Amino acid sequence: MRGGVMPKQHNGADDPNAAGYSVRRPGESAREKQNALAKAAPIKTFFTRLFGMHTDERAWGRGAEGEERVGRLLEPLRAQGWFIQHDVRIGQNGANVDHLVIGPPGVYVINTKFLRQNVWVAGNVIKVGGSNKDYVRKGEAEAKRVREKLLAATRLRSLWVQSLLVFVDAELVVREPPRNVPVLGDHELVTALLAQEVTLGRDEVMALARAAQQMATWG
1112 MRGGVMPKQH NGADDPNAAG YSVRRPGESA REKQNALAKA APIKTFFTRL
1162 FGMHTDERAW GRGAEGEERV GRLLEPLRAQ GWFIQHDVRI GQNGANVDHL
1212 VIGPPGVYVI NTKFLRQNVW VAGNVIKVGG SNKDYVRKGE AEAKRVREKL
1262 LAATRLRSLW VQSLLVFVDA ELVVREPPRN VPVLGDHELV TALLAQEVTL
1312 GRDEVMALAR AAQQMATWG
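Residue numbering for the sequence shown follows our numbering, starting at 1112 and increasing by one per position.
Be aware that one or more of the hints could be misleading.
[Said to hold, decoys possible] Here are the computed lysine-lysine pairs in the PhoX-like style, where the Cα-Cα straight-line distance is at most 25 Å:
id, residue 1, residue 2
1, K1255, K1238
2, K1249, K1260
3, K1144, K1249
[What the hints assert, rightly or not] Computed beta-carbon distance windows for the label pairs:
id, residue 1, residue 2, range
4, E1315, A1147, 24 to 30 Å
5, P1153, D1126, 38 to 44 Å
6, A1327, A1147, 36 to 42 Å
7, R1286, R1183, 44 to 50 Å
8, A1252, R1160, 22 to 28 Å
9, E1186, A1306, 16 to 22 Å
10, W1231, R1266, 27 to 33 Å
11, N1291, A1263, 30 to 36 Å
12, A1252, T1310, 44 to 50 Å
13, A1170, E1282, 31 to 37 Å
Derived by calculation from the structure, the hints in this document are not laboratory data.
Since the structure is predicted, the reported quantities are computational estimates derived from the model, not experimental observations.
Backbone N, C-alpha and C define an ideal beta-carbon position, used for all residues, glycine too.
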């Protein structure tokens, strides 16, 4: 990620968040999956919650909570002219992006993980509780797909899209950062975004925001 000086706040006349298709809440897909599992087995859900057992229902709920927390952290960026979109559904196979952020430094695809465990990072190797995770590969693929979709929708000649991996409540140890997917704690996210070098003009931010709000862009 790159350093620089951010522009002053915009005056609201050209708000990139002003309109668009049905806006989804942070973690909405994860919450829907959690609720469906709870509804399908209400008695089981009651007891597994009571005794703090690890279940798919609980995992989806924690995932939703992590996305909700990161969503709240991102919200103040809107006042500075950034476009924020959550739970962006891409294609027809159920894939989604947790958070899409478009601002003067570029386009960011944020993948949120709520893990109260030890997370160890050494280059592209990420271990959670000792188990290998393919977060980097997935992050790179998400950024590539978002870039392709936005380029097709806007006809821009080039576009920089950065994948970010954000951990909530994890014990994070980064020996060496991944090559293409920066790893951050949730408390570092907004400061890191605001520290980036400006690469997009206001018209480009607006064009990308308009494209991101069209369902046809992501189909």
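Quick rundown of the hints versus the structure:
Under the criterion of a C-alpha separation no larger than 25 Å, the hint pairing K1255 with K1238 is consistent with the structure, at around 23 Å. At most 25 Å may separate the alpha-carbon atoms for a hinted pair to count; K1249 and K1260 meet this at roughly 17 Å. Note on K1144 and K1249: the hinted pairing holds, with a Cα-Cα distance of about 21 Å set against a maximum of 25 Å. Distance hint check for E1315 and A1147: the Cβ-Cβ separation is about 39 Å, which falls outside the suggested range of 24 to 30 Å.
In this structure the hint that P1153 and D1126 lie 38 to 44 Å apart at CB holds, the actual value being about 43 Å. Distance hint check for A1327 and A1147: the Cβ-Cβ separation is about 28 Å, which falls outside the suggested range of 36 to 42 Å. Our hint of 44 to 50 Å for R1286 and R1183 is violated, since their Cβ atoms are close to 30 Å apart. Distance hint for A1252 and R1160: a CB-CB separation of about 34 Å, inconsistent with the stated range 22 to 28 Å.
Look at E1186 against A1306: about 19 Å separates their beta carbons, and that is inside 16 to 22 Å. For W1231 and R1266, the Cβ-Cβ distance of about 42 Å falls outside the hinted range of 27 to 33 Å, so the restraint is violated. A hinted range of 30 to 36 Å for the beta carbons of N1291 and A1263 is inconsistent with their spacing of about 22 Å. Restraint check, A1252 to T1310: a C-beta distance of roughly 22 Å breaks the suggested window 44 to 50 Å.
The given range of 31 to 37 Å is broken by A1170 and E1282, whose C-beta atoms sit roughly 19 Å from each other.
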